[in-house]
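2 protein chains.
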Amino acid sequence: MIKDQVRTQTYRNAIFRNRDRIAGKVVVDVGCGTGILSIFCAQAGARRVYAVDASDIAIQANEVVKANNLSDKIIVLHGRVEDVEIDDKVDVIVSEWMGYMLLYESMLGSVIIARDRWLKPGGLILPSFATLYMAPISHPDRYKESIDFWRNVYGIDMSAVMPLAKQCAFEEPSVETINGENVLTWPHVVKHVDCFTVTIQELESVSTTFKFRSMMRAPFHGFAFWFDVQFSAPALLSFSNNPQASYFGTLENVIDTSQSKKRANPSEALVLSTAPEDPPTHWQQTLIYFYDPIDVEQDQLIEGSVTLSQSKENPRFMNIQLEYASGGRSFVKQSVMR
Amino acid sequence: MIKDQVRTQTYRNAIFRNRDRIAGKVVVDVGCGTGILSIFCAQAGARRVYAVDASDIAIQANEVVKANNLSDKIIVLHGRVEDVEIDDKVDVIVSEWMGYMLLYESMLGSVIIARDRWLKPGGLILPSFATLYMAPISHPDRYKESIDFWRNVYGIDMSAVMPLAKQCAFEEPSVETINGENVLTWPHVVKHVDCFTVTIQELESVSTTFKFRSMMRAPFHGFAFWFDVQFSAPALLSFSNNPQASYFGTLENVIDTSQSKKRANPSEALVLSTAPEDPPTHWQQTLIYFYDPIDVEQDQLIEGSVTLSQSKENPRFMNIQLEYASGGRSFVKQSVMR
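If you read the protein sequences in the order shown, they are chains A and B.
Residues in the first sequence are numbered from 1 upward in steps of one, following our numbering.
Residues in the second sequence are numbered from 1 upward in steps of one, following our numbering.
These aren't lab readings, by the way, just hints derived from the structure by calculation.
Built from N, CA and C at the ideal position, the CB exists for glycine as well.
Hints may contain errors.
What the hints assert, rightly or not - Think about it this way: if two alpha-carbon atoms lie no more than 20 Å apart in a straight line, the pair counts; the simulated EDC-like pairs of lysine to aspartate or glutamate are:
(1) B:Lys73 - A:Asp157
(2) A:Lys3 - B:Glu145
(3) A:Lys3 - B:Asp141
(4) A:Lys144 - B:Glu172
(5) B:Lys3 - A:Asp141
(6) A:Lys89 - A:Asp72
Unchecked claim - Now the in silico label distances, taken between C-beta atoms and shown as ranges:
(7) B:Tyr154 - A:Lys211: 28 to 36 Å
(8) A:Val336 - B:Glu171: 28 to 36 Å
(9) B:Arg80 - A:Val336: 27 to 35 Å
(10) A:Val175 - B:Met107: 27 to 35 Å
(11) A:Arg19 - B:Ala325: 49 to 57 Å
Claimed, not checked - Far from chain B, some chain A residues (derived; all Cβ distances over 10 Å):
(12) Arg17
(13) Ala23
(14) Ile36
(15) Ala54
(16) Leu203
(17) Met216
(18) Asp299
(19) Glu303
(20) Thr307
(21) Glu313
(22) Phe317
Please work from the sequences and hints to get the whole structure.
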């Protein structure tokens, strides 16, 4: 994932832009992996960086730190944030915790634990906010390739295979890259996460109702989910060290976002976006396709609700309960992201 | 896999070219899947086709047969070849049984069982022969992308991560598409399978020794494996109905193949090839990379042995034991295809 240039470059920019809040301070890198974010923080002048990772990658991170002569600044801690000990109080938490669809296998829980254990009041968390979006999409090429193919295979009618093909292709959420033209409406905010205040309970089940109006006449094939994370706008934070104030400041940005595809003032906050219209990342988008497309007219209403929750079958899995209605018909689709 | 046009089109050609041996005859399609090969056989004039599949896809195959009004010709049997009953003796077995690297999760065992249970003496098996090849390869781009990347990441020396990166990238065999330019020598035949005579015992462990001379100076990154299958050359089969005779006839072709990249006389037998120089298929090639490349000179000897055998850990897995020596150094690499 370090090879995802959009990701790594945005983190690097975010850390360097926040140099005045990092220089001379104590940083924790939650889930440090190979340690690259810790090194960026050291380069930005951090007095001390605690690089924490529960997996054996911590051993390599320690070697990387040594090879770059940063052992006096970066302390690699091989263990879970629940278990490792840090004597300092920390000024900054940096973490790349986001999973597919933001919340799938996300490490946000570890960031919350680190925050509650170590972060000084008024401390900085990078990224500071995260927003999960959804929108109806049309993707005729994908549908055609997966399903319509069976209508005629070398002159043979194989449409009897189509129900099975639909099940194979569309039962589970699919991580793939679509583009702006596939999206039928402005996105809806499924969940806005304020990293300064979010609780673990708040993430156990996420629910929202949505109402879209299709911007065009098209076959509506399913919903796409994507997210962005914001690295606190320095301008907003300088008004107040109160996280609540910066929260509302940033929320306005988010509301703006839901009304226009491009952010009005990108200079205010640095955003790492995984939206279809932005450069692709390893997170791509997560698609939930219907078994059969719904033909929608321009301005046709699409409404319903979605609930994302931990699977009882396996806590690593995510259940996605979708209810949606359009053109007088209503549907339910339950998917599991495994 | 039906979407692999090289595969489906070659089977279709093979069946239609053998029309004189199929028309009016009884065919078994082993592992019929959606039933497309059975339908090709019916189109080629088969009197009766038994389409056998142990998986639930047989239910769809039966629907496809009905939708194409072929229920009087094609009998779908939902079960294993060991268990289903066919009253007829059969003239032709058709099957698409080949796995990655030919033998990984291959269904050749089912073809052998079907042959021994039902095939008339002198009957036809399509494909008739299969050959697994190997050759040393050079693939600097892949190596660079996976490993050299870590030498310098945003100006940071991350080479401490390289041993782990090598292990992640190169521990297990990798199914990918290379091309003719990656191949350093003519290929070596690891195993030639005569579908008329092969036994299950013969497939349990396959061993060969090899001796290559590099055709160029290059970094030698590993070995590639690929296969082809031949659909009996009608010319050869018309000389004799004795499978042994056709075996030797075809083997000469195979020996030719190992000495020139392109077959001398492609009109003699129809070949479905998964070689790097041929159009890509869903089988691609199987690569076993070394952790570190070996720099070889032009004409430098590369020798050693390879053994492919069922894993004791899990009978589905395949162990690949490679011993190789070049430039006075020798190496051992054990991989598991899971």
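Each hint tested on the structure:
Note on lysine 73 (chain B) and aspartate 157 (chain A): the hinted pairing holds, with a Cα-Cα distance of about 16 Å set against a maximum of 20 Å. Pair hint lysine 3 (chain A) plus glutamate 145 (chain B) holds up; C-alpha atoms about 9 Å apart against a cutoff of 20 Å. Simply put, lysine 3 (chain A) and aspartate 141 (chain B) have alpha-carbon atoms about 15 Å apart, close enough for the 20 Å limit, and the pair holds. A distance of roughly 34 Å separates the Cα atoms of lysine 144 (chain A) and glutamate 172 (chain B); the hinted pair therefore is violated under the 20 Å criterion.
Restraint check for lysine 3 (chain B) and aspartate 141 (chain A): the C-alpha separation of about 15 Å stays at or below 20 Å, so the hint holds. Between the alpha carbons of lysine 89 (chain A) and aspartate 72 (chain A) the distance comes to roughly 18 Å, so the proposed pair stays at or under 20 Å and holds. Between tyrosine 154 (chain B) and lysine 211 (chain A) the beta carbons are some 43 Å apart, a value that contradicts the proposed interval 28 to 36 Å. Restraint check, valine 336 (chain A) to glutamate 171 (chain B): a C-beta distance of roughly 30 Å satisfies the suggested window 28 to 36 Å.
Checked against the hint of 27 to 35 Å, the C-beta distance between arginine 80 (chain B) and valine 336 (chain A) comes to roughly 30 Å, which is consistent with it. Between valine 175 (chain A) and methionine 107 (chain B) the Cβ separation comes to about 30 Å, which falls inside the hinted range of 27 to 35 Å. Checking the proposed 49 to 57 Å range against arginine 19 (chain A) and alanine 325 (chain B) shows it holds: the Cβ atoms sit about 54 Å from each other. At roughly 15 Å, the least C-beta separation between arginine 17 (chain A) and chain B is larger than 10 Å, which holds for a residue marked as non-interface.
Alanine 23 (chain A), annotated as away from the interface, keeps every beta carbon of chain B farther than 10 Å; the closest lies near 19 Å. Interface exclusion of isoleucine 36 (chain A) from chain B breaks down, the closest Cβ pair being 6 Å apart, not more than 10 Å. The non-interface label for alanine 54 (chain A) is consistent with chain B: the shortest C-beta to C-beta separation is roughly 16 Å, beyond 10 Å. Once the 10 Å rule is applied to beta carbons, leucine 203 (chain A) is consistent with being away from chain B; the minimum gap is 30 Å.
Distance check on methionine 216 (chain A): its Cβ is at least 30 Å (rounded) from any Cβ of chain B, clearing the 10 Å threshold; non-interface status holds. The non-interface label for aspartate 299 (chain A) is consistent with chain B: the shortest C-beta to C-beta separation is roughly 37 Å, beyond 10 Å. The Cβ of glutamate 303 (chain A) sits about 35 Å from the closest Cβ of chain B, beyond the 10 Å cut-off, so the non-interface label holds. Residue-level check passed: threonine 307 (chain A) sits 31 Å from the nearest beta carbon of chain B, beyond 10 Å.
Listed as outside the interface, glutamate 313 (chain A) is consistent with that label: its C-beta sits roughly 22 Å from the nearest C-beta of chain B, beyond the 10 Å cut-off. Listed as a non-interface residue, phenylalanine 317 (chain A) keeps its Cβ farther than 10 Å from every Cβ of chain B; the least gap is roughly 22 Å.
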